[in-house]
Amino acid sequence: MKNKNILLISVIILSIIGIIMITSSSIIWAEYKFDDPYKYMKSQILFFLISIILMFFISKIDYKLYYKYANIIFLLSLLLMILVLIPGIGKVRNGSRSWFGIGGFGIQPSEFMKLSIIIFISKYISNKKFNLFKILILIFLVFGLIMLQPDFGTGIIIVMISISLLYLCGVSMKLFFRLGFIGIIGIIILIIIAPYRLKRIVSFINPWTDPLGSGFQIIMSLYAIGPGGLFGYGLGNSRQKHFYLPEPQTDFIFSIIVEELGILGAFIILFLFLLITYNGLVISKKCDNLFAKYVSFGITFWISFQAILNLCVVVGLIPVTGVILRGTL
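Counted from 1, the sequence shown has number 269 at position 276 by our numbering; the numbering is strictly sequential.
There may be inaccurate statements among the hints.
In silico PhoX-like cross-links for lysine-lysine, where the CA-CA straight-line distance does not exceed 25 Å [to be verified]:
#1 122 x 167
#2 -3 x 84
#3 127 x 84
#4 61 x 121
#5 57 x 127
#6 26 x 286
Estimated spans, in silico, between C-beta atoms of each pair [what the hints assert, rightly or not]:
#7 237 x 137: 35 to 41 Å
#8 165 x -3: 30 to 36 Å
#9 53 x 223: 18 to 24 Å
#10 76 x 223: 33 to 39 Å
#11 43 x 179: 47 to 53 Å
#12 -5 x 206: 46 to 52 Å
#13 141 x 257: 38 to 44 Å
Hint data in this document are derived by calculation from the structure and do not stem from the laboratory. Ideal placement from N, C-alpha and C gives every residue a C-beta, glycine not left out.
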């Protein structure tokens, strides 16, 4: 119970900080685009309240129902992944057809897929006698559908979640070496068919090779992080959010956090994510039921890995992937 309480409190605190920082980072852009500086704040508060209500009701559902309907949940998510690719149904945002537009809101079916594939794989690996080949085929199918959008960052997250679950259940390390080799070949092919990815890699190595193009985001991100110091410029006083740093309220919100709240603010965010990760893993370890153990581990890994991926991008440790911290913050 102690770990559950700490986990819940950490999530709520992180969510509240998220609302504050999304408000601060988006206020200039929201006023320019929507003539409403608090457009994103209102949406985020609404999402937060809905999430709290859903969390209360979902916590009352017996997890065995997820086991029972795992196949249906996965197939419905797969159907949504296919539908979003159809012009007129799926909406294009930032070059990717990965959204459903509902009123003023957007929904990404790939977010549902992250959870459904955790439930689906957890069901089958908890049965000891599972068909590994079929699971791998489904993982590659999902990855392929995501790459048709295209959304490489989300694809990597789903593959890594799946691999982590397979590793946890005791699949031989030889398989992962083989998958890693296949993955390298796949990445090379993806770079060849989409040259913009090569530009991202080059700009990652030296963003100044194309400071106004592929290197622009990371340069502006570092300009935000660099002057932050210990305590930052103060909440609301970011300079980079004034149309310098692209996507300050999503992909690069951590840059604004460091710029306004300094290293101290960054450590608070990291500490909260560490609390969520640690307590999530402890809860997973304590589960007697294998299915529950795998699902709780998968969700914890998902949140942690996505956060790490985004943080590595904004500080220039890996190429830009398009993975947002807002999905977890």
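Status of each hint after checking the structure:
Pair hint residue 122 plus residue 167 holds up; C-alpha atoms about 19 Å apart against a cutoff of 25 Å. Our distance criterion of 25 Å between C-alpha atoms is broken by residue -3 and residue 84, whose separation comes to about 38 Å. Note on residue 127 and residue 84: the hinted pairing is violated, with a Cα-Cα distance of about 31 Å set against a maximum of 25 Å. At roughly 17 Å between alpha-carbon atoms, residue 61 and residue 121 fall within 25 Å of each other, so this suggested pair holds.
Only pairs whose Cα atoms come within 25 Å are accepted, and residue 57 paired with residue 127 is accepted, the gap being roughly 23 Å. At roughly 45 Å between alpha-carbon atoms, residue 26 and residue 286 are farther apart than 25 Å, so this suggested pair is violated. Between residue 237 and residue 137 the beta carbon distance is about 36 Å. The supplied range of 35 to 41 Å therefore holds. Restraint check, residue 165 to residue -3: a C-beta distance of roughly 34 Å satisfies the suggested window 30 to 36 Å.
Taking the beta carbon of each, residue 53 and residue 223 are about 44 Å apart, not inside 18 to 24 Å as hinted. Between residue 76 and residue 223 the beta carbon distance is about 49 Å. The supplied range of 33 to 39 Å is therefore violated. Taken as a hint, the range 47 to 53 Å is violated for the pair residue 43 and residue 179, whose Cβ atoms sit roughly 37 Å apart. At about 50 Å, the CB distance of residue -5 to residue 206 agrees with the hint of 46 to 52 Å.
Distance hint check: the CB atoms of residue 141 and residue 257 are about 42 Å apart, consistent with the given range 38 to 44 Å.
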